[in-house]
Amino acid sequence: MTVSLQTEPIDVVAEYAALVGEAPGAAVATFTGYVRNYTGEDPVGALELEHYPEMALSVLEELGQQAAERFGLLRWRIVHRFGVLPVSETIVWVGAMADHRGEAISACECMMDTLKTDAPFWKREQGPSGARWVASCEHDGQRRERWKRSEERT
Amino acid sequence: MTVSLQTEPIDVVAEYAALVGEAPGAAVATFTGYVRNYTGEDPVGALELEHYPEMALSVLEELGQQAAERFGLLRWRIVHRFGVLPVSETIVWVGAMADHRGEAISACECMMDTLKTDAPFWKREQGPSGARWVASCEHDGQRRERWKRSEERT
Amino acid sequence: MSITIKLFASLREALGESEFQLELGAIPVENEVSSVITVASIKAALSARGSQWHDALNQPNLVHALNHKVVYVDAIVADGDELALFPPMTGG
Amino acid sequence: MSITIKLFASLREALGESEFQLELGAIPVENEVSSVITVASIKAALSARGSQWHDALNQPNLVHALNHKVVYVDAIVADGDELALFPPMTGG
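Going line by line, the protein sequences match chains A, B, C and D.
Numbered per the working numbering, the first sequence spans residues 1 to 154.
Numbered per the working numbering, the second sequence spans residues 1001 to 1154.
Numbered per the working numbering, the third sequence spans residues 2001 to 2092.
Numbered per the working numbering, the fourth sequence spans residues 3001 to 3092.
Extracted from the complex, chain A is given alone in its bound form (with noise of 0.2 Å):
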């Protein structure tokens, strides 16, 4: 299994030993994104991830298998949670293994800028005056075009 959604804490050391397995490419790469406990101003208490399970499934195998062919990927894997989750606790991880280290991580960064956009998931944080749905981010945009613009150039 290459993408797991889940509602408990993703275990980092685990996800990091399948990626590598025995045989461990030249290059590995992981992100890991844990809940903020500010948003500006505001203390944050917790996040709740509302998903839409079998699209988000399915949006995460295909942009991972996409950055696994553009950047010729050994190995690769996407973890998210949903559900309530505490300040300081991880909501996404990815992983990329290759034989150089400018696919691995340039394949890392990709597959977060295209979920950030691409895969259902909404953020909505319980803060001091109640709870409101996190508004989506322009730069996330700019981002996620980058890696289109840059695909059509090659």
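The set of hints was computed from the structure by calculation and includes no laboratory data.
Predicted, not measured: the structure shown is a model, and the values here were computed from it.
Ideal Cβ placement from N, Cα and C applies to all residues, glycine included.
A hint or two may mislead.
Capping the alpha-carbon separation at 25 Å, the derived lysine-lysine pairs in BS3-like fashion look like this [what the hints assert, rightly or not]:
1. C:Lys-2069 with A:Lys-148
2. D:Lys-3069 with D:Lys-3043
3. D:Lys-3069 with B:Lys-1148
4. C:Lys-2069 with C:Lys-2043
5. D:Lys-3069 with D:Lys-3006
6. C:Lys-2006 with C:Lys-2043
Computed beta-carbon distance windows for the label pairs [as the list claims (entries may be wrong)]:
7. B:Arg-1146 with D:Ser-3034: 36 to 42 Å
8. A:Ser-150 with C:Asn-2061: 21 to 27 Å
9. D:Gln-3052 with B:Glu-1138: 22 to 28 Å
10. B:Gly-1040 with D:Ala-3014: 22 to 28 Å
11. B:Gly-1083 with D:His-3054: 28 to 34 Å
12. A:Val-84 with B:Arg-1132: 52 to 58 Å
Given chain A, work out where chains B, C and D should sit, using these hints.
Just chains B, C and D now, kept in the frame of chain A:
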């Protein structure tokens, strides 16, 4: 300690835990390099890493500090091995923690690219026809230049 | 002849529904020439349910996913399809 | 008045030395006007030790590090400095 030079294998689990600590930032990126089992068509038996200890330490400290300032890192760490390294073992580990994913991932990539060309380590591969010094790679120089150029731009 | 409508996040909350069946028989076809029903036809029919529906479904960045793929409003909807409507995604 | 010379990797191997002291008194100064000794002066003096030294020290990509910082050949060398010479780095 933000930099470690060591002969023993890198404990990626302990390094990750030390980087993240009790209060993780929102974004953690890591890169691990492993000893290749092949260079082109030649199987590699083991890798010898020669280094210039005092200069390696100061170069790694400085490039880490520069990445930390440039990308606003909350914490970072670089571990590099030297001595005789069996195939498939770790060579290098870098980790970066930041408030945003782009910063953490770019810092990892920048630290690796800078380390490759600026830190005084030299690889010698033990192969079927004896040992040979690994030649420096023009591509590494180009990757290093990218960071210089984009630094001047900002 | 029906499709499944799914609503997520702020849209689900605003409209108080997360999933329901919609009969296609009651949806006006696209125009006299073409007898297809599009995502736009569905949105128009749901918008007629009242101002809350109208406002929620006509927000500028609404995303439409047909059978788990993001589509434009001109995508053709068929019996048994699953159409999900939601605000921009904010995972990761 | 001496400096420490360090050689690494293929250069160390080719010349069979890893570290030695070099007396600065024997090194010709840069020119009549300036009495400084530069990295280039040191390389010229070492190159005079024989063809092996000459060839090894004049390879195009040789790196010079003075007191742990990479420098150009015009860097000025002073008593007690550590000058390291080595091929391009290949760590990571």
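**Hint numbers not upheld by this structure, sorted from lowest to highest** = Hint check: nothing fails, all pass.
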